Structures are given as structure tokens and as C-alpha cells.
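2 protein chains.
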Amino acid sequence: MISTVILGTGNVAKHLFEAFMSQNGIEVIQVYGRSLKALSYFNNQINTSSDLSNIKEADIYLVAISDDAISEVSKFLVDKRGLIVHTSGSIPMNALPNKNRCGVFYPLQTFNAHRKVNFKEIPICIEAGNDQDYELLNALASAISDKVVQIDTDQRKVLHLAAVFANNFTNHMYHIAHEICIQNDVPFELLLPLINETATKIQDLSPLDAQTGPARRNDKGTFGKHLAQLKSKKHNNIYTLLSKSIQKTYGKKL
Amino acid sequence: MISTVILGTGNVAKHLFEAFMSQNGIEVIQVYGRSLKALSYFNNQINTSSDLSNIKEADIYLVAISDDAISEVSKFLVDKRGLIVHTSGSIPMNALPNKNRCGVFYPLQTFNAHRKVNFKEIPICIEAGNDQDYELLNALASAISDKVVQIDTDQRKVLHLAAVFANNFTNHMYHIAHEICIQNDVPFELLLPLINETATKIQDLSPLDAQTGPARRNDKGTFGKHLAQLKSKKHNNIYTLLSKSIQKTYGKKL
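Residue numbers (our numbering), protein chains in the order written: chain A, -1 to 252; chain B, -1 to 252.
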């Protein structure tokens, strides 16, 4: 049995809490949060605390809070014997107190409230200061995911940056498509099968080979017509920059 | 039984050919293409021709060729009694010969060679010059898809433009994520579950609500670190422009 304390009440904390609670081999003994209101989500099931000087003893402390609070909050754990890990993609392991046993437990996924995810398929990138702690973290991660990988701080930073393109910017492309549809009274839902296929096909094909469209074909006529159609300067700038970037990728110029 | 001639040998032509051939109520009586090599794909199954003056009589002619060739090629069909339709998102219906019965048959999907798609789920946007031709086109489209919608030329142009963001630019985001991973020796495959979830969650959630990440959170620390990490000026420009656009969407400034 691995005992854990979760520090944080956001989406990552909630999803980890649910995943751990569904496993017999993992015990969540406490959840810490600043806000009593946010803690109410956990209250009925588990001990909660809003006092950092009142954290219980556990095998692993998961600091699942915003990046800029990780260093400060983890300082309150310096007297703990357990392994302290954060869940951030962009923060180095050594942001945690260097007198403690430290590690990182980074689930590479986007979490929204009220949306269930299948943890078995989520890569969990782990890092630890020594082999023994790595094995402990590996046991925790493997209990909820089939894709546990050892990733050091530099590699994790790369993944986090790449994820901004693959997830955040991709979603923003969906948003602009949505805006264009709404502004012109066309149902956005018609694009959903296309969006689905775009994501699905790169599970087999490299994105380089999967690229289609006017910029890839160097279709100047469509490029000009699309720019004329775009009423927003913001959309216009994005269309131009990304089209040129695609052209450059395939060795052509618009 | 609806008889059809397909003009074109590219991905759209091939996928339509396969979809039509699998239906009892549709007959493909000929495929036209300029290149004998490209026609060899169809040769064994069907009559083919590389001569535009030798096109057979049919109920519907599907002009599935590159946008800039549609007007020219369709001129060779002026003496035909059948309905002439093109399959392009960005070309108006009246680019077809105005003495003929004309329409548009636009499948809103991305087609790659060697990749099967499920036509039942692909929206087919149709337009015709009169009710009778619309019904004929509707019968053809409904035979292969469960999502047939009436979309006029202006609406179709909007969809085509929105599709460039939702598909072409999205795939380019995947490509940049892929480049960043390769350049730094990190396996891109780790991002596939994230990419999948990003596309899947907007089937229920609006992209506006689904947005996560540093730009949405106005996380200046991560913004600065990511810019420092990006070695390519092209990636840097794209990161900056899209982050600012996300910030603007949520009413914040970086």
C-alpha cells in the first residue's frame, strides 16, 4: 500500500485523486488546499486541511498546484520523510527542497473539470533523485497508467513546450474556426468529423506526410481569396504566418 | 440507379470512386484523367479515358480536380444533358458552364492516399440550381453519407476557410510539436494521447471553454521560458502570435 497526500485542488489534483481512489494499492490520506470551498469536493471522502503546518505523514506528497507556487508550498514539507513530487511539465525537479527526497510525476494530458479521462492511456513522465525513489514513483504511476516513462527535467521541458503547440495552439485553431463559423452563421459541428480525422490520422502518419490544403499545394488563388474573406486582422495575421510556415516546410514560397 | 462519371484521379476522386462502387444504387460508368498512369488505378474495374471529347452520357458528372482546372475541364461537358457538379470548397457553383445543369458536391473531409475514411460520418455539402437537381444530388450523397446538408456557395466558402484552421493549421501545429521533439530527442508518440483528447473534448465542449495552458492562464514565467527554449525564429514567431491571440481572446495581455 502506498500512502499519498495531494497538495492542490485544481483539475490535475482532482483527476489524480479520482484515479488513486479507484486503486486498492494506493491510499490518499489527505488533501491540502488553500480554499475551503475547493476542499469541499474532497471533504466527504477524505481528511482535508487548509493548514500547511498540519500535513500528515505519507509515502508520497504530490504537489499539484500552479507552477509559481510549487517552491513556496513545498518548503512547508521540509521536515517530512516521504518523497515530495510535483506534477508540472515546466518546473525542474530541483525547485523542490533539496534536503528532501524529490521527484516529478507529470501526467502528459489536458485536464478539464467535469470531464473524465482514461488514465491507463495517459503517459506519466517520472523522475526521481535515486533508484529507490524512482521505483516507488514507478509503482504509483504504473498502478494508474500503462504508459510510465522515465523523463528527466530537460526532456520534460521539451515535452511541455511541444504540448503547447499540439494542444493549446491546436485548440486555438479550433476556436478560430468556431469564430469564423459563428460570425457567418454556418454550423461549426460540420467540422467535427474533419477535426477528428485530422487528429486520428497522425496516430499512423507523420504530420509532415499528413499535411494537405492550399498552403501545401502552393495554391496562390485560394490564399488570396481566404485573406480577402477574413475580416479580423488577428485572423489575417495568423493565416498569413501559418501559411508561410507551411510553404517553407515544403520548400515553396507564396 | 444513378449513373456517374468521375473526372479526376486524385484523392477525392479515388475516395468517391470507392464509396460509389460499394453502393448498389450507384453506377460509375467512366473515370476521366489526364494521366494514363493515374488512370491505371481504375482500369481493371471500369472504363477509363484520357480524352475529354470521349466522355460517356451519365446522370451526374463529378468534377473532382484541382480548383484552377474546374472551369476549363467542365467546358468540355457543355453538350451533356446530365448534372455537372464539382467537389471544391472554395469554387462557386457558377464557375461551371452556365448553360448546363450545375451543382456542388463538397465532402468536408481531408483525404490522404492509402487511408480509408468512413463516408457515413462525412458531411457532404450539396448545392444545385433547381429543386429537381438538388433531389438527385441528395439521393447520390445520401447513399454514401448520413450527414448531407444544403450549403450555398457563400456558406461553403466559409466552411472551407474554417477548415483550413481546423485541419491544415492544426496539422501544422502537430508538425511543429513533432519537430521540437525530434530536435531534442524526445519521443513524439508521448503526445498522441494528448492530441487525441484535444480533438475529442471539443465534440462536447466549445473550444472557448476547452482552452487550457500558459497563455490562457496569463503565465508570463512559462511564456518567457518557452521563448528562450525555441531555437527556430519561425517557431518563436508562431508561439508569440498565437499566445497573444489566446490572451486577447480571454481579455488579458502578456
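It is worth saying that the hints were derived from the structure and are not from the lab. Here the structure is a predicted model, which means the values were calculated and not measured. Treat the hints with care, since some could be wrong.
Just so you know, same-sequence chains aren't split out, so a pair can sit in one copy or run between any two.
[As the list claims (entries may be wrong)] In silico BS3-like cross-links for lysine-lysine, where the CA-CA straight-line distance does not exceed 30 Å:
(1) K118 - K218
(2) K12 - K231
(3) K242 - K97
(4) K218 - K35
(5) K155 - K199
(6) K118 - K229
(7) K246 - K155
(8) K97 - K118
(9) K97 - K54
(10) K35 - K229
(11) K229 - K242
(12) K35 - K145
>> Hints numbered earlier in the text: which of these fail when held up against the supplied structure?
In response: Violated: hints 1, 2, 3, 6, 8, 10, 12.
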